[in-house]
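S.K.: Protein chains in written order, with the numbering used here: chain C, 2 to 302; chain H, 391 to 698; chain D, 66 to 320.
Among these hints, one or two may not hold up.
Derived list of chain C stretches under chain H, where covered just means 3 residues or more per stretch with a C-beta under 8 Å from a C-beta of chain H [unchecked claim]:
{"id": "1", "segment": "82-93"}
{"id": "2", "segment": "201-209"}
{"id": "3", "segment": "234-244"}
When the alpha-carbon atoms are kept at most 25 Å apart in a straight line, the in silico PhoX-like pairs for lysine-lysine are as follows [as the list claims (entries may be wrong)]:
{"id": "4", "chain 1": "H", "residue 1": "Lys397", "chain 2": "C", "residue 2": "Lys191"}
{"id": "5", "chain 1": "D", "residue 1": "Lys154", "chain 2": "C", "residue 2": "Lys191"}
{"id": "6", "chain 1": "H", "residue 1": "Lys396", "chain 2": "D", "residue 2": "Lys154"}
{"id": "7", "chain 1": "D", "residue 1": "Lys99", "chain 2": "H", "residue 2": "Lys397"}
{"id": "8", "chain 1": "C", "residue 1": "Lys191", "chain 2": "H", "residue 2": "Lys594"}
{"id": "9", "chain 1": "C", "residue 1": "Lys5", "chain 2": "H", "residue 2": "Lys594"}
{"id": "10", "chain 1": "D", "residue 1": "Lys99", "chain 2": "D", "residue 2": "Lys154"}
{"id": "11", "chain 1": "D", "residue 1": "Lys292", "chain 2": "D", "residue 2": "Lys99"}
{"id": "12", "chain 1": "C", "residue 1": "Lys191", "chain 2": "D", "residue 2": "Lys167"}
{"id": "13", "chain 1": "H", "residue 1": "Lys411", "chain 2": "C", "residue 2": "Lys102"}
{"id": "14", "chain 1": "C", "residue 1": "Lys191", "chain 2": "H", "residue 2": "Lys396"}
Since the hints were derived computationally from the structure, they do not count as laboratory data. Glycine included, C-beta positions come from ideal geometry on N, C-alpha and C.
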Amino acid sequence: MNNKRRIGDNIRIGLTGSAVLLIAAILAVILGTIIIGGYKSLSCEFLTKPSTDGMTAGGIFPAIFGMVFSLLIMLIAVVPVGVATAIYLHEYARPGLLLTKLIRGAVNNLAGVPSIVFGLFGLGFFIQFIGGGLDHSLGQSGLFGQPCILWASLTLALMNLPMIIVATEEALRAVPQAERAGALALGATKWQTIRHVVLPQAVSGIMTGVVLTISRGAGEVAPIMFTGAAYYLPYLPKLPTDQFMTLGYHIFVMTTQSPDIDATVPIAMGATLVLLALTFSLNLVGIVIRSHTRSQLRKGR
Amino acid sequence: MSLQRKKFRYLGESLIEGNIKATASLAIVVIFLILFFILRESLPIFFNPEVQQEITFRHFFSGIQWQPVSDNPRFSLWPIILGSLKVTLIALLFAVPVAVAAALYSSEFAGGRLKELIKPGVELLAGIPSVVLGFFALVVMASFLKDLFGWQIRLNAINAGLALGFAVIPAIYSLAEDAINAVPKSFREAALGLGATPWQSATKVVLPAALPGVSAAVLFGMGRAVGETMVVLMAAGNAPLFSFNPLESTRTMTATIAAELGEVVFGSGHYHALFFIGLVLFAVTFAINLASHALFEGLMTRLYGARK
Amino acid sequence: METKHNRLEIRDFSLYYHRTKALEDISMSIPEQKVTAIIGPSGCGKSTLLRSINRMNELIDGVAVEGEIRLDGEDIYGRNIDVVELRRKVGMVFQRPNPFPKSIFENVAFGVRMGENGRAKDNLDQVVESSLKEAAIWDEVKDRLHRSAMELSGGQQQRVCIARALAVEPEVILMDEPASALDPIATAKIEELIFRLKEKYTIVIVTHNMQQAARVSDFTAFLMLGKLVEFGATDRMLTNPGNKLTEEYITGRFG
Chain C
2 MNNKRRIGDN IRIGLTGSAV LLIAAILAVI LGTIIIGGYK SLSCEFLTKP
52 STDGMTAGGI FPAIFGMVFS LLIMLIAVVP VGVATAIYLH EYARPGLLLT
102 KLIRGAVNNL AGVPSIVFGL FGLGFFIQFI GGGLDHSLGQ SGLFGQPCIL
152 WASLTLALMN LPMIIVATEE ALRAVPQAER AGALALGATK WQTIRHVVLP
202 QAVSGIMTGV VLTISRGAGE VAPIMFTGAA YYLPYLPKLP TDQFMTLGYH
252 IFVMTTQSPD IDATVPIAMG ATLVLLALTF SLNLVGIVIR SHTRSQLRKG
302 R
Chain H
391 MSLQRKKFRY LGESLIEGNI KATASLAIVV IFLILFFILR ESLPIFFNPE
441 VQQEITFRHF FSGIQWQPVS DNPRFSLWPI ILGSLKVTLI ALLFAVPVAV
491 AAALYSSEFA GGRLKELIKP GVELLAGIPS VVLGFFALVV MASFLKDLFG
541 WQIRLNAINA GLALGFAVIP AIYSLAEDAI NAVPKSFREA ALGLGATPWQ
591 SATKVVLPAA LPGVSAAVLF GMGRAVGETM VVLMAAGNAP LFSFNPLEST
641 RTMTATIAAE LGEVVFGSGH YHALFFIGLV LFAVTFAINL ASHALFEGLM
691 TRLYGARK
Chain D
66 METKHNRLEI RDFSLYYHRT KALEDISMSI PEQKVTAIIG PSGCGKSTLL
116 RSINRMNELI DGVAVEGEIR LDGEDIYGRN IDVVELRRKV GMVFQRPNPF
166 PKSIFENVAF GVRMGENGRA KDNLDQVVES SLKEAAIWDE VKDRLHRSAM
216 ELSGGQQQRV CIARALAVEP EVILMDEPAS ALDPIATAKI EELIFRLKEK
266 YTIVIVTHNM QQAARVSDFT AFLMLGKLVE FGATDRMLTN PGNKLTEEYI
316 TGRFG
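Excised from the complex, chain C in its bound form (with noise of 0.2 Å):
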């Protein structure tokens, strides 16, 4: 083996290798300077107090709140469409149908189109339409017709479709063939079969679609800055027709907007802090059910 060679690899790999570490690096930097930058200003009453004096001091409750709130909403809407849809595709549909093949293409592209199109798109069919048209035919003005935590979460329900249903379709199948096989043969139906056999086993793979789906969500600003989320709020939304804050915009309002930017930043980078942890700790749960799973399904169950 020609010794020459075999160093000028191993350089070469070591480079592709490198690229690794600078993924772990950007990684790491950002982490930590978030948290270098955050943690300071984290404390009880951060979390359990509103903003105040223009956004320069106080907490971030509202956001907080808010981004439950839409969160709630989204998921009430979103995991149902989304396990429907993925078990129609994996347990119902045939292959090579029209129908099929229409779904699955409208859900690839879903998953494509731009965060801010759905926004334009929430604006113009919630707010504008259903919701203008709600306000029409009841007779009023101002009730559906205008931006809220419901027009938001529908939106961001619709984005994280696609996630909910890719989830669910790789939970569903994990789940052996012969399994479906043995429970047909005892006479279940097709709905029985996939709701003892199938959905029991599935439910660990849809759960991480959950969490993913949840953790997204809490990050998505684009789809919601027009369809309900407010600059600040001096109240806490009660209903789903209320405006709301959100952490994600909270903080891109409070670095963007903000009439004293030096006072504002340990806040936004406390804020930022805890919507990473959030997101990050969701999604380590995530990816910790997914590769359990995974290896549960590799050592044969």
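Since the structure of chain C is provided, determine the placement of chains H and D on it from the hints.
M.R.: Same frame as chain C, now just chains H and D:
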């Protein structure tokens, strides 16, 4: 006892199946609704005489100024198209080599345990919300780079492009890795069996075989980059200048919508123009994603024959 | 009504997979309370034929059938046939044990629970016990009914799967090489079990193992390339085959 169909059971089952099928079809409906409503709000530019007094299709391509709010509004798309192109190009120049090299390393050279770490690590990077990346680029990275290179303008296309690169590296990586992993083991064994080094096997056999998939990954990343909003909105300086200089502030199509839709007068020419930009974005990302998908499917067909 | 002896009648039955003919004009009668073995070289369509009897082939895309299979005189491919009802009458045991990742109890109770009127739920303990006894596994599992069935050995799992099929009270049991994934001792137990089960059930078994066919079956059908070459009493057929192809196969000249 007979085998005749039980009516109630048959009914129940078809009810359930019907519901599931209808729900699944929602995805199709949604795509068409998106297209329809974006079109609906952009078409007045072409057909509504009242709106056309303010803005027509020709305005989009005449001149080089985007100044929708002024006494003499200008609606040229060139500066923001250029902005999108510029930032996307910078992001890809940075992200593609990093992501593809990392994918190659993790699937060809990394040992078992390291491999188990790389993928979740990249997924964590993917999990950073774009508003956080934008925040980081705006508050931390921009000043750092400015001081380091002595830039005149803190928020510029390179700053935004790099941050955008962080956002698309995971996307490119994961698809590229899928493509490289899809190359059958036998290819590698054949190459190594003929006396190739692991590096030669990886770069002369595996990577070429996976090339359509890697190209698909690059296109996929490009679609992401073009459609990404928050990073560029926060990190690029937000000035719709018609400039090829990467060290000047810039503004993308996405950022234009995000920055202006909040204050636009409903039903005005400006309002419809923003939806038209959305339409262009929708069409462009649609085409890019379609091409990416076709390339990836092509790779799978080439490697495994018709898909199961 | 058909003669009582022949529970299953297969008549001019053909099956297409996309456009290729996988089974061609098969006609045979499967007698009641006997074991009928289907043998033949791999790829001859024996599993396909077996799976046609409870319409499991329908789970595969692009399958079409011609001809009839009659269960107690009723064409199972006729109009308005309820496959669920059919599969409750025609149970199946698969090549590889495929218990659900549930407890042993829940595995055996599964089919009963899925039946809409079925037996009263408080009867369930009894059904599970008697099914497990019938499947000769009760003594091995009675202390661990609520443990996962996945913890059992392959042979035990297969007998739990048989118990699971019995719990639904089928009339016919289809077995698709039920011992091919098992060791010789577990195989012997399954064969013993089959021998006892035929007192009550009509059994059709696919096997690639001639000795097994000889040991357990009363009748044998020999299939080749999707066609029925010969059908008859097992002892007669294995000692004095009426067809040259059968003879060549059982003497091991190909296969």
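S.K.: Output the indices of the hints that this structure fails to meet, ascending.
M.R.: 2, 3, 7, 8
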